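There are 6 protein chains.
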Amino acid sequence: MHLLVTNCNTTAAMTEEIAAGARAAAGPGTTVTGLTPAWGPESAEGWLDSYLSAAAVLDTLRQYEGGCDAVVMAGFGEHGREGARELLGVPVVDITEAAAHLACLIGRRYAVITTLDRTRGQIEDSLHAAGVLANCAAVIGTGLGVLELGDPERTLEAFVQAAERAKEAGAEVLVLGCAGMTGLQRAVGDKLGLPVVDGVAAAVKLAESLVSLGLTTSKAGGYADPLPKRRQWGPPEQ
Amino acid sequence: MHLLVTNCNTTAAMTEEIAAGARAAAGPGTTVTGLTPAWGPESAEGWLDSYLSAAAVLDTLRQYEGGCDAVVMAGFGEHGREGARELLGVPVVDITEAAAHLACLIGRRYAVITTLDRTRGQIEDSLHAAGVLANCAAVIGTGLGVLELGDPERTLEAFVQAAERAKEAGAEVLVLGCAGMTGLQRAVGDKLGLPVVDGVAAAVKLAESLVSLGLTTSKAGGYADPLPKRRQWGPPEQ
Amino acid sequence: MHLLVTNCNTTAAMTEEIAAGARAAAGPGTTVTGLTPAWGPESAEGWLDSYLSAAAVLDTLRQYEGGCDAVVMAGFGEHGREGARELLGVPVVDITEAAAHLACLIGRRYAVITTLDRTRGQIEDSLHAAGVLANCAAVIGTGLGVLELGDPERTLEAFVQAAERAKEAGAEVLVLGCAGMTGLQRAVGDKLGLPVVDGVAAAVKLAESLVSLGLTTSKAGGYADPLPKRRQWGPPEQ
Amino acid sequence: MHLLVTNCNTTAAMTEEIAAGARAAAGPGTTVTGLTPAWGPESAEGWLDSYLSAAAVLDTLRQYEGGCDAVVMAGFGEHGREGARELLGVPVVDITEAAAHLACLIGRRYAVITTLDRTRGQIEDSLHAAGVLANCAAVIGTGLGVLELGDPERTLEAFVQAAERAKEAGAEVLVLGCAGMTGLQRAVGDKLGLPVVDGVAAAVKLAESLVSLGLTTSKAGGYADPLPKRRQWGPPEQ
Amino acid sequence: MHLLVTNCNTTAAMTEEIAAGARAAAGPGTTVTGLTPAWGPESAEGWLDSYLSAAAVLDTLRQYEGGCDAVVMAGFGEHGREGARELLGVPVVDITEAAAHLACLIGRRYAVITTLDRTRGQIEDSLHAAGVLANCAAVIGTGLGVLELGDPERTLEAFVQAAERAKEAGAEVLVLGCAGMTGLQRAVGDKLGLPVVDGVAAAVKLAESLVSLGLTTSKAGGYADPLPKRRQWGPPEQ
Amino acid sequence: MHLLVTNCNTTAAMTEEIAAGARAAAGPGTTVTGLTPAWGPESAEGWLDSYLSAAAVLDTLRQYEGGCDAVVMAGFGEHGREGARELLGVPVVDITEAAAHLACLIGRRYAVITTLDRTRGQIEDSLHAAGVLANCAAVIGTGLGVLELGDPERTLEAFVQAAERAKEAGAEVLVLGCAGMTGLQRAVGDKLGLPVVDGVAAAVKLAESLVSLGLTTSKAGGYADPLPKRRQWGPPEQ
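Heads up: the protein sequence lines correspond to chains S, Z, C, E, H and W, in order.
Residue numbers for the first sequence follow this note's numbering, so the first one is 1 and each next one is one higher.
Residue numbers for the second sequence follow this note's numbering, so the first one is 1 and each next one is one higher.
Residue numbers for the third sequence follow this note's numbering, so the first one is 1 and each next one is one higher.
Residue numbers for the fourth sequence follow this note's numbering, so the first one is 1 and each next one is one higher.
Residue numbers for the fifth sequence follow this note's numbering, so the first one is 1 and each next one is one higher.
Residue numbers for the sixth sequence follow this note's numbering, so the first one is 1 and each next one is one higher.
Derived by calculation from the structure, the hints in this document are not laboratory data.
Just so it is clear, the structure is predicted and the values come from calculations on it, not from any experiment.
Repeated chains share a single entry, so a pair holds when one copy, or any two copies, can fit it.
The calculated SDA-like cross-link candidates involving lysine to any residue, where the alpha carbons are at most 20 Å apart (straight line), are:
#	residue 1	residue 2
1	Lys167	Ala134
2	Lys167	Gly143
3	Lys167	Lys219
4	Lys167	Glu124
5	Lys219	Asp69
6	Lys191	Asp151
7	Lys167	Leu156
8	Lys191	Ala158
9	Lys229	Gln63
10	Lys167	Gly141
11	Lys191	Val160
12	Lys167	Ala137
13	Lys167	Gly189
14	Lys229	Thr11
15	Lys167	Asp117
16	Lys219	Gly193
17	Lys167	Ala138
Based on the provided sequences and hints, a complete structural model is requested.
Next comes the structure, spelled out in structure tokens:
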């Protein structure tokens, strides 16, 4: 099985990290290709970035010629998911929803710990549209930017503080709300005695699950193939 | 007062129609500039189109040098609204939410009549995020594509049929769910004895209202200015 | 255009203040008449006052002979709105809903800061019925009574404290939850760096918007004209 | 125990009918006094009537000198309930909520069958505020006015038709949505094989329950006693 | 009238206490029989206990030969209620829902104070299914186990602390969330100035109400009589 | 990996069918053991059956000595899930929630097609508690009992009719709402052009996913290990 994992930003190092996380989660017969969009923001932190990212990722997907059995979209709370479901015949799983789906199975309430507070609204909307917001006790920001996650100690400390607030809000499970946080999973969990779900790993397992059951996106409604028409992807060359 | 009205697609004729509708609604001291994105889909009918449109409209707005007092985004159910609120210091009003806001004031329940069924999900999500979905009795598709709206008789007939279903669902007010439907407003309303709200006109009045009250987007939360970073708008030239 | 602005209580000085606020917000061609109900409570602070106020305001409206193009009902969270929509052919806008409608356009979540805690329930119910409760992060009382708002320093201080709690609850926009608070708008906003919406001003703009678009209350459902019947407005004379 | 049962309109014959229904439901030690408001509408069918009724009923209650152990408010979907809770030290039970409370105990979903369609909104809002809307499958109008309920055959037929729609909507229990419908209870129930709850009877039992348990309205929040102030109940004499 | 009151656990002393509470609440013509399940947990504190309890209580009910006019199920937040509604022709009232129904009548928001935090989820689910969760401000645990309630001073103190949190969450009425807490009602209420509802007493009054009105469980839907089939109640003897 | 799959009823043939379905879905390294409860109902169709089944399944699980890596509970809409999460250290996945989780990934709205109408309430409650009810467009009964599913033609016809109603309600994906329906999946899907999710297969993949990611039930809240106490599983021997 071949999974395509799309980063939501243009930072190739982050694509690598994400792909490594995906490979660690993937089953024995699964190969993973990380895809960095050719354009878009260097990191996605807010609505503007997210919409730019969505178009760039969709453009990258539509031009990808390698074929795949499923796509994992690795932008936490980022847009584009439903467009990819229209565009492709293979299943599409977004890491936001994926983490929430698994979190619901192992606790009555979960919380998302993310980077900047400003991204909370997008995450809430994404979980709502995916149908898994009901058992979310809180979406909590650490105040750290995506590109600041490099300092592991500071990141861990900020996470643990946010996780304490999550527990007070009733969360029994934590979701790491950023694709680049994969490394934190074990450290945070050990410190807090709570299971911690990483979206990339969750999405890989869900994508494998759909593929192995022969399930793919319904084309009988909102995710029907895009209508043929003229579309200009990016500004005209001058 | 100068309003910028952004079409969500690249069809300049539709921009003209929208701008004409906006001018008809605008107050005496208001000038209206219609803006056609330089790239994107020729019509927005589905998630893929919507995400492509969002990026193209945001790119167009960020490069617009004319200045304005407020922006009206004329894509019914299309994405991008929150990104424009981050990007700009002036108020941003989307025609989807605008129509719903006014509809709530003149009836207990409203319904949206739109083009293709496939766009219903986007409209529901857009109304939900805007906080005005609660009194929406139904979002109903006519089965007509955006570019088929040219035939007025067929369009009117399809609308009246959809409107009957809306009344059965409890709607007391109708919202025209497409920027290019402005002409239908009076015809449908007369035929059905229900008020019909056009999103472009509604958004113009709400934008004028905000400007005249000195209100603009809060920058104290999710709509803070975008963080400075590298962003590549469109594919690199080859 | 002629707007009728109804105070919800019998305190004429408050009617004047409200009418002044309405005039400050109104467009150049709009005249404003303030209307003090001939009976009712001297201030509306609770359910009993609110129901008494509703009947008195409706009685005043039904006897008003001056004609008007729209009605603004200036009681925050007070009852009567839907009765006025039945009674009249012109649009009716209540300051509670109006403030919320505009607040939704400039922030993802808003909060209402009101007078006494006891009025919170009415405000929540009014926003719910109007279809705009979804994005309300909190309704917060300052502990000040309507007639205590005269002391500007104490009022400002109480508001700023309440506003801090609103921000913690996620509000990005504040709504002044009392008709007599209009003066506070700028002071609070400056102090907090948040946009502050005044209901009277918001309602004036929304009423003007509806009138200029030729929209008025749907008579095709719950707001149909009242049935003709015997109604005794107030106790029989003895 | 002495129960005061307030009619919501000025039609004394209807007060008698309601009081008779209340007496039939009351326990052996309970006496029932029917109270007709001295002013208000001759029947309550819509928002205007409802707000007028609310003030008139509250005025009647505040002037009632007979004392009582609890009050039953017999207007289905009419306003005033929360005002009476502020005004009085004894428990107040409204027939709308009462019927819903008992209906929830004997079926998973209930429906309300009422008179005119135009009153549906008020009923929904009343059930929502009372906290018992969640299991309501539908509120359905028969198209009959309050004062048309005199023709038993026509009324029964209209009810049975509405009840069929209620069953299709998932209702397992019916609520008679009008104080004057008490006689229908057995007839409709027999015809449909569904339990039918009458609000007057339900409210009598709930009022008796509260009194016998020593429970009454909490004064620690929104239902605290009304603040002392000038209130003019009805127009000044001329 | 004969009420059967089922304890949810096998501790006969608790059955006695519950039956005493029920008798104190019952009307003059009502006799109360307490029923201890022949098997199950000695106290119900969590999901496992609750499901075990549900089967044991249903087994006990189905084998009970004494006849009765209604059943009160005295396990706060415990399962089984809907099964008893299928099984029996007489009304079934659970103390969880009963307390909430009465609490809604005497305050705008109520809170449940229960024993261990771990039972909060069950209580929320039970109130949700019963249709009365909407006005619940909070379900709060005291940290005391069911069998620790014997120490009255410690229990009272723990309750008063929890009640303070309930008031901050907006509760105007408290519900005692455990069948064995009946004694606390007056003590907590006096200390806090809030009405306190005991579920056993509430359920007795609601059961009496249904019986005296001739209302019983609808058999026209989900609570139809169980289908005849082989059912093995408990492990086969060896 | 060793999965334990518990049937909810005592019909061993159905356990075999379920285990076969589970094995067909399982990955190469997974072994599946089907477990028939030693007591309980021969089929679960309603609340009484469901509560009896829950206790029997929990009793069977607690006595199972074989060890396992995860448990799949194969009763659609049946109770017990949360009790198993308390009881066990390994992940527990119920087929109801599992089907919904996967369905949400491949369509905007899903519907459940189940056996008898009477089980709809349980399924709705189970999906609600699991946090995945939001995108469920409908739960529809075919009118067939669990043990009538043996006639494939009649079953297929009933399903296709129910599925048509599901599509009208907006469903884009179908869920087979009964453990014994596994065989229908392909037939129904082919006939309708909609993806069809089988709960047993879905639960197997989700259980494998959790195990392979090292995730298991959070013990930091409501699913903590059961408290040690006396519990009598089934009636005392006589």
